[in-house]
Amino acid sequence: MALTTTDPLDAALVKADFPLLARTVHGKPIVYLDSAATSQKPTVVLDAMQHYYETINANVHRGVYAIAEEATNALEAARGTTRRFVNARSDAEIVFTKNATEALNLVVQSWGRTNLSEGDVVVLSHMEHHANIVPWQMLQAEKGIEIRWIPLDPEGRLDLTDLDRLLDGAKVLAVTAMSNVLGTFNPVRRLTDAARTAGAISVIDGCQSVPHSATDVQELGADFLAFSAHKLCGPTGIGVLYGREELLDAMPPFLGGGEMIRDVTLDGFTTNDLPWKFEAGTPPIAEAIGLGAAIDYLSSLGMDRVRAHEKAITTYAFDTLTDRFGDDLRIHGPQNADERGGVLSFAFKDLHPHDISQVLDQHAVCVRAGHHCAKPLMKILGVGATARASVYVYNDTSDIDALADALDATGDFFAF
Amino acid sequence: MPGLEDLYREIILDHYRNPRNRGELESPPATRTEGFNPLCGDEIVVYLDLDDAGVVQDIRIGGQGCSISQSSASMMSAAVKGKTVDEVHDLTRAFKAMMSIHENALEGSDATDAATGETDGIPDVKLGDLEALRGVVKFPVRIKCATLAWNTLAQGLEEASTEA
Chain A
3 MALTTTDPLD
13 AALVKADFPL
23 LARTVHGKPI
33 VYLDSAATSQ
43 KPTVVLDAMQ
53 HYYETINANV
63 HRGVYAIAEE
73 ATNALEAARG
83 TTRRFVNARS
93 DAEIVFTKNA
103 TEALNLVVQS
113 WGRTNLSEGD
123 VVVLSHMEHH
133 ANIVPWQMLQ
143 AEKGIEIRWI
153 PLDPEGRLDL
163 TDLDRLLDGA
173 KVLAVTAMSN
183 VLGTFNPVRR
193 LTDAARTAGA
203 ISVIDGCQSV
213 PHSATDVQEL
223 GADFLAFSAH
233 KLCGPTGIGV
243 LYGREELLDA
253 MPPFLGGGEM
263 IRDVTLDGFT
273 TNDLPWKFEA
283 GTPPIAEAIG
293 LGAAIDYLSS
303 LGMDRVRAHE
313 KAITTYAFDT
323 LTDRFGDDLR
333 IHGPQNADER
343 GGVLSFAFKD
353 LHPHDISQVL
363 DQHAVCVRAG
373 HHCAKPLMKI
383 LGVGATARAS
393 VYVYNDTSDI
403 DALADALDAT
413 GDFFAF
Chain B
169 MPGLEDLYRE
179 IILDHYRNPR
189 NRGELESPPA
199 TRTEGFNPLC
209 GDEIVVYLDL
219 DDAGVVQDIR
229 IGGQGCSISQ
239 SSASMMSAAV
249 KGKTVDEVHD
259 LTRAFKAMMS
269 IHENALEGSD
279 ATDAATGETD
289 GIPDVKLGDL
299 EALRGVVKFP
309 VRIKCATLAW
319 NTLAQGLEEA
329 STEA
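Top to bottom, those sequences are chains A and B.
Going by my numbering, the first residue of the first sequence is number 3, and it counts up by one from there.
Going by my numbering, the first residue of the second sequence is number 169, and it counts up by one from there.
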C-alpha cells in the first residue's frame with residue numbers, strides 16, 4: 003500500500019536508514035538524543051558523497067572536460083534542491099557557506115558593515131545562539147551600533163509586548179525561528195511583518211527549525227535565513243544563506259578570491275553574478291551534493307510528517323518524564339508540544355548537567371550538557387548549564403523510555 | 169572501559185554534598201578571583217587571604233559547577249589552608265601532574281616519561297584526599313572540571329603577590 007502524506011512515519015524503518023544508529027556504546031545500543039547539536043546521516047547521503055568522489059570528482063565551474071561539467075551540474079543541482087526546499091524565488095538567492103555561523107557573519111559583515119553606522123539599532127532576542135549575538139557585538143565594537151533585546155516571558159516565549167517600541171527606528175531584526183535551548187517556536191511571520199513595517203530587514207536563524215518542519219521563505223517574509231546541513235541529515239562543512247535577491251545584489255562581497263570575481267586586473271576586480279559573488283574559493287562540492295541528498299531524503303519522508311512525528315515524540319517525552327519523575331524533573335520552555343520543537347532542556351533534581359550526562363553516557367544515552375552557546379539565556383534562566391535531550395525523525399518512544407530509565411539510574415547513583 | 173566508580177569515588181561525592189570552606193571573604197583585604205570553564209559554563213570564585221609571610225590564612229570558594237569541579241575546589245581549599253605560597257605551587261604542580269598536565273613539558277624540565285612512568289621535577293607532595301580525583305584522567309572531558317579551581321587559585325595567588 004502506498005504511503006500517503008498523512009500516514010505517520012514508521013520510526014523503525016527510518017532508523018534503519020542511519021548506519022550509526024546500529025552501533026553500540028559501552029556494550030549497549032546507542033540512544034542518540036543530541037540532534038539539535040548535529041543529526042546522524044542516512045546511507046543515501048553517505049552514498050551520494052562517496053559517489054561524487056568515486057566518479058565525478060573535479061573542480062567546478064571552470065573545467066571543460068566531462069567530469070568537471072558533471073561535478074558543476076551536481077553542485078548546481080543541489081542548489082536547486084535547496085531552493086525548492088525553502089521555496090526561494092531563484093537559485094541566485096541560495097548561497098553556500100561553511101556553516102550557518104558563517105552565513106550569519108556574512109550578513110553582518112557584508113550587509114551590516116555597509117548599511118549600519120553609529121547609533122543604528124539592531125534588535126535581537128534573549129534566546130539567541132551566540133552565532134546570532136557575537137557577530138553583531140563585533141559590529142557594535144567597530145561601529146557603535148545599538149543592540150536592543152526582546153525579552154522572554156516566564157514560559158520561555160518571546161515577550162512581544164514592547165515589540166513596536168523596540169523596533170522603532172531599528173534597521174535590523176535578527177531572531178531565531180526556534181530556540182536551541184527552550185525549543186520555542188517563534189512567530190516568524192509576525193516578527194518579519196513588524197520589522198518591515200518599522201523599516202528594518204529581518205534575519206532569521208533557521209538552524210533548529212528548517213530541519214524539523216516545512217519552510218517557505220516567501221511565506222515567512224524573511225529577508226535572510228541561515229541554516230546548516232549537518233543538522234538536517236547532511237554533512238558538516240556546509241551551511242546555507244538564503245537572501246532576498248535585491249538585497250544580495252546590492253551587497254559587497256564577503257570573502258575575496260577565486261570564483262567570486264568576474265574580472266581581475268592589477269587595478270582591481272569586478273564581482274561575479276549571484277550567488278557565486280559570495281562563494282570565494284573552491285566550494286564544498288561533496289558537501290553540497292550530500293546536502294542535496296539529505297533534502298531529497300527528508301522530502302521523501304515529507305516535512306509535515308517529520309514535524310508530526312517529532313511532535314508525537316515530544317508529547318510522549320513530556321508525559322513519560324512528568325509521570326516518572328514529577329517535580330524532580332523540570333523541562334524548560336513552553337510545556338505544550340504545539341508551541342515547541344523536540345528540544346528538551348531539563349533540570350533533574352539538583353544534579354549538575356555534566357554529572358547527569360556522564361551517567362547517561364554509561365547507559366549509551368547521548369544528551370548534551372552545557373550552555374548550548376546561549377550564555378545570555380542561561381543567565382536569564384538562572385542556571386549555568388542545562389542537560390538537553392533533542393529528538394529527530396529517527397527517534398522513537400523507546401529512546402525516551404531509555405532516557406527515563408537512565409535518569410532513574412542517575413538519581414539512584416547520586417542519591418544523598 | 170572505565171566505570172562510574174572510577175570517576176565518582178565516595179570521597180568526591182562527600183565533598184560535593186558537604187563542600188568545605190564554602191562562602192566569601194571580604195575583598196579587600198582578601199583577593200577575589202573568578203574562573204570559568206567555557207565548555208560547560210561552570211564558574212568558580214576563589215577568595216584568598218594571604219598574610220605578610222605568604223601563608224594562606226583563609227580561603228573560601230564560591231560559584232557553581234558539577235560534582236567534579238566542586239569537590240576538587242573543596243578538597244583544594246582544605247589542602248592549601250595554612251600552606252605557604254611555595255607549598256601551594258608545589259601542590260598545584262603535583263595535582264596537575266596527576267591530571268597528566270605538565271606545564272613545563274615543552275622545556276623538558278617537568279615531563280613524565282610515558283615509557284617508564286618516571287617523573288622529573290614533579291614535587292614530592294602528599295596529595296591525600298585529592299588522590300581520589302586520579303580517576304578523572306580516564307574521562308578526558310572532565311579534566312577541565314577538576315583543574316578549574318586550581319587554575320583560578322593560581323590566578324588568585326598571582327594577583328595577591330602583585331598587590332603585596
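Worth double-checking, as some hints may not be accurate.
In silico DSS-like links for lysine-lysine, alpha-carbon gap of 30 Å or less [as the list claims (entries may be wrong)]: (1) K377(A) / K312(B); (2) K312(B) / K30(A); (3) K377(A) / K351(A); (4) K264(B) / K377(A); (5) K306(B) / K30(A); (6) K306(B) / K377(A); (7) K249(B) / K294(B); (8) K377(A) / K313(A); (9) K381(A) / K294(B); (10) K351(A) / K312(B); (11) K294(B) / K351(A).
It is worth saying that the hints were derived from the structure and are not from the lab.
Quick one, are K381(A) and K294(B) close enough, alpha carbons at most 30 Å?
violated (39 Å)
Given hint K294(B) paired with K249(B) - CA-CA distance at most 30 Å:
holds (15 Å)
Keeping to a limit of 30 Å between CA atoms, is the pair of K377(A) and K312(B) held or broken?
Roughly 19 Å separates the two Cα atoms, so the pair holds.
Need the status of pair K306(B), K30(A): alpha-carbon distance at most 30 Å?
holds (20 Å)
CA of K264(B) to CA of K377(A), is that 30 Å or under?
holds (28 Å)
Take a quick look at whether K312(B) and K30(A) sit within 30 Å of each other, Cα to Cα.
holds (27 Å)
CA of K377(A) to CA of K351(A), is that 30 Å or under?
holds (22 Å)
For a C-alpha distance cap of 30 Å, please report whether K294(B) and K351(A) respect it.
violated (36 Å)
Can the restraint linking K377(A) and K313(A) be considered satisfied, given a maximum Cα separation of 30 Å?
holds (27 Å)
Has the given pair, K351(A) with K312(B), been kept, meaning a C-alpha gap of at most 30 Å?
Holds, at about 24 Å.
Does K306(B) pair with K377(A) here, judged by a C-alpha cut-off of 30 Å?
holds (29 Å)
Of the numbered hints stated above, those contradicted by the structure are hints 9 and 11, listed in ascending order.
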